[in-house]
Amino acid sequence: MRTRIVAFAITMTVVTLTAAPGFAHHSDVAYDQAKRTTLKDAKVISYAWRNPHGIMVLDVKDETGEVVRWTLETGSPSSLMTDGWTKNSVVAGDVITVDANPARNGTKFGRLLRVTKADGTVLTWGERNRASQ
Amino acid sequence: MKTGAYLSVVIAFSLIATPALAQRQQQASAATKAAGPAPRRDISGHWLGPVSPRKEPPPPMTALGQQLFDATKPLQGPRAVPIAQTNDPLVTCNPMGFPRSALFETRGFAFEHVPRRTLQLLQYQRIWREIWTDGRPLPTSVGAPGKDARDPRYYGYSVGTWADDYTFVVTTTGFNEDAWVDERGYPRSMDAKIEERYRRIDRDHLELSVTIDDPKIYTKPYFVVKQVYTWAPVQEFEEQLCIPSEALEYRETFRPAGTEK
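Protein sequences, first through last, are from chains S and W. Counted the way my numbering counts, the first sequence spans residues 1 to 133. Counted the way my numbering counts, the second sequence spans residues 134 to 394.
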């Protein structure tokens, strides 16, 4: 019994410590984590699936109908794969809805949180990790 | 707790708190197996851990230590700055050096015991360290003038001994001053002496403790971390590289996001 409790404690410690910082490779201070911006019907112009973080470029119509370009950083390939992404999950030409933490300075940059594809598929980055913190 | 209930909790927790490891490693997780006993004098194999182990706060720094610390602008920790303002060497893929390689990006590493030395292979940047086990002393003239002096290094010079049948102790000295201790920007000097203790708890768990003895920088030895690593179900590395051209593009792309309003 005692051995099992010790083994359980070790496993919990390892899993917890492994999970928590998985998405925190680079600084998040440029982004307002208290805010969540939703970009509806965004057209993917390009998506670079790479280290240290991916770069997703989107064109979105604002409330006046003008097209605005947004650039979002995503996770590294290894961190996204743990969330179920593949290299081809999002590709140029896709029309998607994106949730992101926007830049604090009001520029059209952000940190991607969630993608909802046209077929309803939802992809997240680090959401489960943040929920467990 | 019955075994079945214990395993259910472990599996459920693992699924909720998905670790930052490759999916294959997750799928092959050994969480459902009871760990066997540790083999004697053997830490070889691939081990998995977090991106950034949780670290202890440092002891008070010396005046020089504080001056060097104040000059660093890290991307991580309470002093984090936007990427456009950082002077973290890693932002352009400069070498992490030691002990940062043991304190950051520790998702995968391996040991191999070979004659006269133990090799440590690090997944991030595909780095290797030579840990000499043939009884040689550490060099004493690193950075000194003279033809017999050794050059300071990012990863220093390392020797290893077995403290007991399950604890491998590595001592490293002879550093250059171009690398940080960790992602928070703590410094180390050329005179630092750093000890790693790898204690094999059982077959599947390896505990690492790191202590920095650097009187030029810290007023007392700095016990930095105690972290448990797990046996990798898939005994191979991911390719996890910091690529300078891509890192520069990343920095330049997101530079505007971190500028003042």
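For the record, the hints were derived by calculation from the structure and aren't laboratory data. Certain hints may be false.
To be verified - With a Cα cut of at most 20 angstroms, we get these calculated EDC-like pairs of lysine to aspartate or glutamate: (1) W/K206 with W/E371; (2) S/K43 with S/D99; (3) W/K206 with S/D28; (4) W/K359 with W/D335; (5) W/K349 with W/E310; (6) S/K61 with S/D28; (7) W/K349 with W/E385; (8) S/K40 with S/E66; (9) S/K87 with W/E393; (10) S/K35 with W/D203; (11) W/K349 with W/E382; (12) W/K359 with W/E379; (13) S/K40 with S/D59; (14) S/K108 with W/E385; (15) S/K87 with W/D311; (16) S/K108 with S/D41; (17) S/K61 with S/E127; (18) S/K40 with S/D62; (19) S/K108 with W/E393; (20) S/K117 with S/D99; (21) S/K35 with S/D94; (22) S/K87 with W/E372; (23) S/K40 with S/D99; (24) S/K108 with W/E371.
Report task. Would you check the hint for S/K43 and S/D99, treating anything up to 20 angstroms between C-alpha atoms as holding? Result -> Between S/K43 and S/D99 the Cα gap is close to 14 angstroms, so the pair holds against 20 angstroms.
Query raised in the report: Is S/K61 close enough to S/D28, meaning Cα to Cα at most 20 angstroms?
Result: violated, 26 angstroms
**Report entry** Pair hint S/K40 and S/D62, alpha-carbon separation not exceeding 20 angstroms
**Finding:** Since the Cα atoms of S/K40 and S/D62 sit roughly 9 angstroms apart, the hinted pair holds (cutoff 20 angstroms).
Query raised in the report: Quick one, are S/K108 and W/E385 close enough, alpha carbons at most 20 angstroms?
Result: holds, 14 angstroms
Query raised in the report: Quick one, are W/K359 and W/D335 close enough, alpha carbons at most 20 angstroms?
Result: Holds, at about 16 angstroms.
Requested in this report: Would you check the hint for S/K108 and W/E371, treating anything up to 20 angstroms between C-alpha atoms as holding?
Outcome: This hinted pair is violated, its Cα atoms lying about 33 angstroms apart.
**Report entry** Straight-line alpha-carbon gap S/K87 to W/D311, limit 20 angstroms
**Finding:** The given pair, whose Cα atoms are some 35 angstroms apart, is violated under the 20 angstroms limit.
**Report entry** Distance restraint between S/K40 and S/D59, which requires alpha-carbon spacing of 20 angstroms or less
**Finding:** holds, 10 angstroms
Query raised in the report: Does the structure keep S/K108 and W/E393 at a Cα separation of 20 angstroms or less?
Result: holds, 14 angstroms
Query raised in the report: Taking 20 angstroms as the top limit, are the C-alpha atoms of S/K117 and S/D99 close enough?
Result: Since the Cα atoms of S/K117 and S/D99 sit roughly 12 angstroms apart, the hinted pair holds (cutoff 20 angstroms).
Requested in this report: For the pair we were handed, W/K349 and W/E310, check the Cα-Cα distance against 20 angstroms.
Outcome: holds, 12 angstroms
**Report entry** Pair hint S/K108 and S/D41, alpha-carbon separation not exceeding 20 angstroms
**Finding:** Roughly 16 angstroms separates the two Cα atoms, so the pair holds.
Figure legend: structure checked against the earlier numbered hints; hints not met, in rising order: 1, 6, 7, 9, 10, 11, 12, 15, 17, 21 and 24.
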